[in-house]
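Please model the complete structure; the sequences and the hints are all you need to start from.
So you can see what is in the structure, the chains are spelled out below.
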Amino acid sequence: AQTVTQSQPEMSVQEAETVTLSCTYDTSESDYYLFWYKQPPSRQMILVIRQEAYKQQNATENRFSVNFQKAAKSFSLKISDSQLGDAAMYFCAYRAGGGADGLTFGKGTHLIIQP
Amino acid sequence: KAGVTQTPRYLIKTRGQQVTLSCSPISGHRSVSWYQQTPGQGLQFLFEYFSETQRNKGNFPGRFSGRQFSNSRSEMNVSTLELGDSALYLCASRTGTAGNTIYFGEGSWLTVV
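The listed protein sequences correspond, in order, to chains A and B. The opening position of the first sequence corresponds to residue 1 in my numbering, with each subsequent residue numbered one higher. The opening position of the second sequence corresponds to residue 1001 in my numbering, with each subsequent residue numbered one higher.
No lab work stands behind these hints, which were simulated from the structure alone. Note that the structure is a prediction, hence the values are computed from the model and not measured. Where a beta carbon is used, it is the ideal one built from N, C-alpha and C, also for glycine. Errors might be hidden in some of the hints.
As the list claims (entries may be wrong) - With beta-carbon atoms standing in for the labels, derived distance ranges:
no.	chain 1	residue 1	chain 2	residue 2	range
1	B	T1080	A	F64	41 to 49 Å
2	B	T1038	A	G85	23 to 31 Å
3	A	T18	B	Q1054	39 to 47 Å
4	B	S1086	A	K107	12 to 20 Å
5	B	K1013	A	Q69	44 to 52 Å
As the list claims (entries may be wrong) - Sample of chain A residues with no beta-carbon within 10 Å of chain B, all distances over it, derived:
no.	residue
6	S7
7	Q8
8	S12
9	V13
10	V19
11	T24
12	Y25
13	T27
14	S30
15	Q56
16	K73
17	Q114
Structure, rendered in structure tokens:
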């Protein structure tokens, strides 16, 4: 079974600084997708960024970028120029490429932004 | 366009009762999946439906069931509620093509007393 591990239960960063959230996963599949979701206090899951395993290029969405290391099964999220609105729980998630599987989530990282 | 809509948003049930939660996916999305979020177990996949057929199911007892209608709307049902079923239930939808992005609703908060 696939597993997703987020080793940082909580991270704190100063506003405008850069922070990196870690995620590792375990799978025997070659075709899969990785995601970072943000869950603010409202509890709605918001997609931050996605990465297809077959793509070598790291995904980027504005201030958010990933460092995808397929051989190491690592998928970290970098948030540049942190803003107060970035404060939330961040979940790393995996989905096999077959299409029918659900998402496997990590336990989450609580990100605190210090003003 | 409208996002994933879940109803009701909050509900309180008594142990032993049953509950039905509803989810309307984003227009054009044919796949609906359900997740349970608890402080202890985190986010866990319940099941996924596509074109009215259950395609996959997570490791949950048979008390948890679901269905999908021809308009892609979905319901999940939990029978014989237990205290441990208290959770945030999240519905998500996607178009159904392999690999595309999953979008979540705001969730239904279920408290079992």
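Hint by hint, here is what the structure shows:
1. B/T1080 with A/F64: 41 to 49 Å: 43 Å, holds
2. B/T1038 with A/G85: 23 to 31 Å: Cβ of B/T1038 to Cβ of A/G85: about 26 Å, so the range 23 to 31 Å holds.
3. A/T18 with B/Q1054: 39 to 47 Å: Hint holds: Cβ distance 43 Å, inside 39 to 47 Å.
4. B/S1086 with A/K107: 12 to 20 Å: Taking Cβ atoms as reference, B/S1086 and A/K107 lie about 19 Å apart, which means the hint holds.
5. B/K1013 with A/Q69: 44 to 52 Å: 45 Å, holds
6. S7: 14 Å, holds
7. Q8: With a cut-off of 10 Å, A/Q8 remains clear of chain B, as the shortest Cβ separation is near 15 Å.
8. S12: It holds; A/S12 is separated from chain B by about 21 Å at its closest Cβ, greater than 10 Å.
9. V13: It holds; A/V13 is separated from chain B by about 23 Å at its closest Cβ, greater than 10 Å.
10. V19: 22 Å, holds
11. T24: Per Cβ check, A/T24 is outside 10 Å of chain B; nearest 16 Å; holds.
12. Y25: 15 Å, holds
13. T27: 15 Å, holds
14. S30: Its Cβ never comes within 10 Å of chain B, the nearest being 13 Å, so this holds.
15. Q56: 16 Å, holds
16. K73: Holds, because the least Cβ-Cβ distance between A/K73 and chain B comes to about 19 Å, which exceeds 10 Å.
17. Q114: 25 Å, holds
When the structure is compared with the earlier hints, no violation turns up for any of them.
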